[in-house]
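So the chains spell out like this:
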Amino acid sequence: MSVGTLALLLAWGALVGIDLVSVPQMMIARPLVAGTVAGLLVGDPETGVRLGVVFELFQFDILPVGAVRYPEYGPATVGAVAAAHALGGGMTWGLAAGLGLLVGLFAGWSLHWLRDANARAVRRAAGPLESGDIRVLARLHAAGLARDLARAAGVTAVGLAAGWLLARVGAAGLPPRVLTLTAALAGGAALAAGVSGLLRIVGRGSSFRWFAAGLAGGVAALWIA
Amino acid sequence: MDRVTPPAAPPLRAAFLRLFMVQASWNYDRLLGVGMGVAEEPLLRGLRGAGGDGTAYRAAVARGAHFFNAHPYLCGLAVGAAARAEYEGAPPEQVERLRAALCGPLGALGDRLVWAGWLPLLSTAAVAAIALGAGWGAVAGFLLIYNLGHVALRWWALRAGWDAGAGVVGALRNPVLQRTPSLVLPAMALVAGFCLPLATRWLVRPFPLVGALGCAVAAVIGVLLLRWKPGRIKSLWIGLAAVALGLAGGWLWR
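Top line first, the protein sequences correspond to chains D and S.
Here the first sequence stands for residues 1 to 225, where the numbers follow this note's numbering.
Here the second sequence stands for residues 1 to 254, where the numbers follow this note's numbering.
Just so you know, these hints were derived from the structure itself, not from any lab.
You may find that some hints are simply not true.
What the hints assert, rightly or not - Derived list of chain S stretches under chain D, where covered just means 3 residues or more per stretch with a C-beta under 8 Å from a C-beta of chain D:
1. 2-11
2. 80-87
3. 113-125
4. 156-167
5. 244-250
Claimed, not checked - Listed below are several chain D residues computed to face chain S (Cβ distance under 8 Å; list not exhaustive):
6. Ser22
7. Pro24
8. Gly43
9. Pro64
10. Val68
11. Phe106
12. Ser110
13. Ile134
14. Ala153
15. Gly154
16. Ala157
17. Val158
18. Thr180
19. Trp210
20. Ala221
Values in this document were obtained by computation on a predicted structure and should not be read as measured data.
Note that beta-carbon positions come from the ideal geometry of N, C-alpha and C, so glycine has one too.
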């Protein structure tokens, strides 16, 4: 992978990271989008879409309400796509998904750090804020955004470095059966997360009947296709 | 504070643009408060002349930056309403009460309408389209359609808040707003159900029989675990365990 591609992935991961909370929440942070674009950047759209769908299924299990803590899968998906590409594509996506999950966990912790750092900055500026000092208000806000940008870039860099390391230690040389089983079980876990998350969103009320009807339609579509 | 005539052409566009980054300084103390203050500030500039020394303006900006929590797409309703209430000469305590009263309804409505409705509806539709062979065009379609709704909702919220002022509760009774979740939620459930069998086949297709069986077993065990202890067993840990098991099992399977 060229330095230019790495730089593009880093920039994309940083944008994806700030989209989640800071700006503009247009859903490029969704793994489906993050992964697909990362795949296009490395010239391997198929792997990008595959890992995008896998992490999108994991994302269904997260409902970002209130101050709840959750893993962050956007930059993690970018790292996973880069790793799968560096490992040679094919069934290596299972291994890359494992790496992405670890990065997602780390990214979730970094969000907690960010919110804590922002809170400390707000406490330090409590006096000027209470007097309506617009310059302090704007500075606080811009500093929060800068912190998030640095955090998102850092998380993406960790993901890219971990993928490079994985390729360096020869993970691509693992026997095909190991890679296949890893991908199969990772895919199964993603499906479990998707089913469980969607069932929780749908609930048990009247929406469940619509869900069951959709399920029947999906099975029928499989039959026809 | 006395009543001040609001600007004939309020800088709604400036406030609207700032609302896209309302969560940039999200923190555990004031949550969205600082971002709310930043977004509200352009609308309060007409108060700078009130009293001659800018006290009313600064006090209103300070109030705007107090604790606030709601769905980010609907924050504009509170920004517009609070700013308008400042011009209407509402006492500071009333403005604070108005903001506090809006937190719960705006959070609940946004979570239901967007996080549990519009977003999973379009996201599962995109996954289903990919499984049917649409490729990355499905992702582009998802982004485009989602953001049409997203941007329209943000603009409506700000506009409605500014128009209604302290009477903003009436805006929340807007029939379109009340009826939309009852359309979006069943549609989301229908599409989510439709997406799952297609996504399963799409994921399983490249595997040999043993791999496909492994995938199915992992999915069933994962769902049982996640449904058995919801919130306590995390899908991320199941995913990591699955990858570890795959690596170990692959070595043993000769």
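These are the hints, each one checked on the structure:
no., hint, verdict
1, 2-11, "violated (count 0)"
2, 80-87, "violated (count 0)"
3, 113-125, "holds (count 6)"
4, 156-167, "violated (count 0)"
5, 244-250, "holds (count 6)"
6, Ser22, "holds (4 Å)"
7, Pro24, "holds (4 Å)"
8, Gly43, "violated (13 Å)"
9, Pro64, "holds (6 Å)"
10, Val68, "violated (10 Å)"
11, Phe106, "violated (11 Å)"
12, Ser110, "violated (13 Å)"
13, Ile134, "holds (6 Å)"
14, Ala153, "violated (15 Å)"
15, Gly154, "violated (17 Å)"
16, Ala157, "violated (21 Å)"
17, Val158, "violated (16 Å)"
18, Thr180, "holds (5 Å)"
19, Trp210, "holds (4 Å)"
20, Ala221, "holds (6 Å)"
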